[in-house]
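Use the sequences and the hints to build the structure in full.
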Amino acid sequence: MDKHVALTSVSEQANQIPADLLLRIDEAVTHYPVSKRSASLPLLHLWQNQFGFIDDSGVNWIAKRLELEPINILELVTFYPWFRQQAAGKVCIRVCRTLSCALAGSFEVRDAFCKAVGIDPKAESHGHTPPVSPDGKFSVEFVECLASCGSAPVALINDDLAEDITPEGTAAILSQYN
Amino acid sequence: MKSLLLPPHPKERRIVFKNAWTKGYTPDIDCYIKEGGYEELKKAIGMKPVEIIDEVKKSNLRGRGGAAFPCGVKWGFIRHDDGKPHYITCNGDESEPGTFKDRYILHNDPHQLIEGMAIAAFALNVHLAYIYIRCEFPKAAGIVTKAIEEAKAMGFLGKNILGSGFDLEIFVHQGAGAYICGEETSLIESIEGKRPYPRIKPPYFPAVLGLYMSPTIVNNVETFCHVKQIFKLGSEEYAKMGTPGDGGTRVMCVSGDVMRPGPYEIPVGGVTMGELINDVCGGLKPGRTLKAIIPGGSSSKIMRAGEVYKIKVKGPDGEMIDKEVPLLDLPMDAASLAAAGTMIGSGGVIVMDDSRSMLWALNNLNTFYAHESCGQCTPCREGVLWIDKMTTRMVNGEGIAQDPITLKNVADNIAGRTVCAFGEAASWPVQSFLQKFPEEFQVPAK
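Each protein sequence line maps, in turn, to chains A and B.
Counted from 1, the first sequence has number 772 at position 160 by the numbering used here; the numbering is strictly sequential.
Counted from 1, the second sequence has number 212 at position 163 by the numbering used here; the numbering is strictly sequential.
Since the hints were made in silico from the structure, they are not lab data.
Built from N, CA and C at the ideal position, the CB exists for glycine as well.
Hints should not be assumed to be uniformly reliable.
[As the list claims (entries may be wrong)] Pairs of lysine-lysine, DSS-like flavour, derived with a Cα cap of 25 Å: (1) K485/B x K334/B; (2) K648/A x K208/B; (3) K195/B x K648/A.
[Stated by the list, open to error] Output of the computed footprint for chain A on chain B, the stretches with three or more beta carbons under 8 Å from beta carbons of chain A: (4) 224–232; (5) 242–249.
[Claimed, not checked] Only some residues are given here: those of chain B computed to face chain A with a beta carbon under 10 Å: (6) P134; (7) G147; (8) K188; (9) S239; (10) V303; (11) G311; (12) I343; (13) S347; (14) T416; (15) E421.
Below, the structure is given as structure tokens:
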């Protein structure tokens, strides 16, 4: 955690925007001919995909790009559960917590993921800042219904959906991300 | 999804799910065109907008997102030539616990959705539309974006569609993990780039003051796909599949304690609850008996095994007569479930057997609503947290004797006192679980 704070204080995200990100940002803004403000969510996604989280410089940069006040962007970052203000793992494991998955054993699946990557299963994992494994590689968190209740329990691992997971099967899933 | 790889059950009729589960079918436009794709858009563009809306009205299509509002009636609220810009936003924020149908359309058959939206746009004089996809479907966003580009390249979207002079741009807008954005006015606020607090109705009915304060139609993913199918089958043929006033097929998503959970596309009212669970889904797990069913997404009121409901059915001479039917004989249509005191909602059926604790299940849902309340209205923002805290302590054996009374009291004071229907959605499970399973919420006096 401290490492990231130190990193960002040395080098703010807004000072390291690659050229292709700028192009994608310009393209995203064209999708909203009526109001530039509408592009705030897509820009936050692009930013987080690039940097892993959104620091204050990112909030300020996006606000300026869309001719808004920083609070107009910050209030989105703090509202939407997807957005992060601190780095999570390189591999984000989002286990579905809601009823159909819970009936099928998602709590046991989450605990198995936690143990496999060295996270204390008792760690609070239902907020903006999930627990990260000691090597910084994995984060494990509960999210609400992933709309795949027929193949419960499920987890979203980066962009991939893992279905019908068993606690014993978590190791094989993790090995795909090593 | 294993159940969809099986051949359709005899009770199923896959129309919107037809392509999505055909072996070898891919989301590419070539595949879609080979299956007769975009033929209905060609038909529609030769019609008058008012004729298109009439067809949708005659089809008796009801919205598949949860509220079951007649689609053609909704479209009829838009005045074609009022001089204002009009918008369409497709609700692909599928998040209602127990619901999992739109994900398969978005991932496997995106062109069906695009064609349905293009027909709607032509009828409603819309030139700019957004497909709101929850960000937990990251691949779907890419697949749908690619499909839009393909459709544009072939003249089904963009400028001067099929030489008609009609223009339409569609863009994908990704959500960011908030259930509330499935509420239509919240979805609109989210597209506008604001904190997605729902708007108060009246005056902010989307058809009057929607996206950018202009007339806007918000429809669910599945609903737009049905629009395409109405023009393929003809509105009469389509309407005939359903019950009076509730036409076509509907994807019923069954999860929980059944042998074959999955999304099953079935003519509206074409199965009873018992047929759905025991025939289509292969029944309960061995040795288990039915305890409870949540019939239409987590917000719908729970039903207890053995209950009998008074519903209206067509009598021998065509008159609607009252009839008592047990839970498992209840037809799966909007009117029957409403008569049984609950709702068909988003079609998400969650089945629980006798091994389940109703207190535990309610607590799981309470945590969901506590996490997802947007915080705009005080009764909901405060109430759902207290409800969650109370059932959590009850689950942990730390409840106190008056907890069930306080729970009901808090729920009763949320419902009806909030800007949007989330207040009801969060209260109904509490109220109905307590009413139907009072014995599971007793806390022994200490």
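Hint-by-hint comparison with the structure:
1. Of the pairs offered as hints, the one joining K485/B and K334/B holds, with about 23 Å between alpha carbons and a cut-off of 25 Å not exceeded.
2. Among the hinted pairs, K648/A with K208/B is consistent with the structure: their alpha-carbon atoms are about 22 Å apart, no more than 25 Å.
3. For the given pair, K195/B sits about 23 Å from K648/A by alpha-carbon distance, which is consistent with the 25 Å threshold.
4. Given as covered by chain A, the region 224–232 of chain B passes the check, having 5 residues with a CB less than 8 Å from a CB of that chain where 3 are the minimum.
5. With 4 residues carrying a beta carbon less than 8 Å from a beta carbon of chain A, the region 242–249 of chain B meets the three-residue requirement, and the given coverage holds.
6. Taken as an interface hint, P134/B checks out: its beta carbon lies about 8 Å from the nearest beta carbon of chain A, inside 10 Å.
7. The beta carbon of G147/B comes within 6 Å of a beta carbon in chain A, closer than 10 Å, and the hint placing it at the interface holds.
8. Below 10 Å, beta-carbon pairs count as interface contacts, and K188/B has one with chain A at about 6 Å; its hint therefore holds.
9. This hint holds: S239/B has a C-beta 7 Å from the nearest C-beta of chain A, less than the 10 Å allowed.
10. Evaluation of the V303/B hint against chain A yields a held restraint, the C-beta minimum of about 7 Å falling below 10 Å.
11. Taken as an interface hint, G311/B checks out: its beta carbon lies about 4 Å from the nearest beta carbon of chain A, inside 10 Å.
12. Among the interface hints, the one on I343/B holds; its C-beta lies about 8 Å from the nearest C-beta in chain A, closer than the 10 Å criterion.
13. Look at S347/B: its Cβ gets to within about 6 Å of chain A, closer than 10 Å, so that hint holds up.
14. Taking 10 Å as the C-beta cut-off, the interface hint given for T416/B holds, the closest approach to chain A being about 7 Å.
15. The beta carbon of E421/B comes within 6 Å of a beta carbon in chain A, closer than 10 Å, and the hint placing it at the interface holds.
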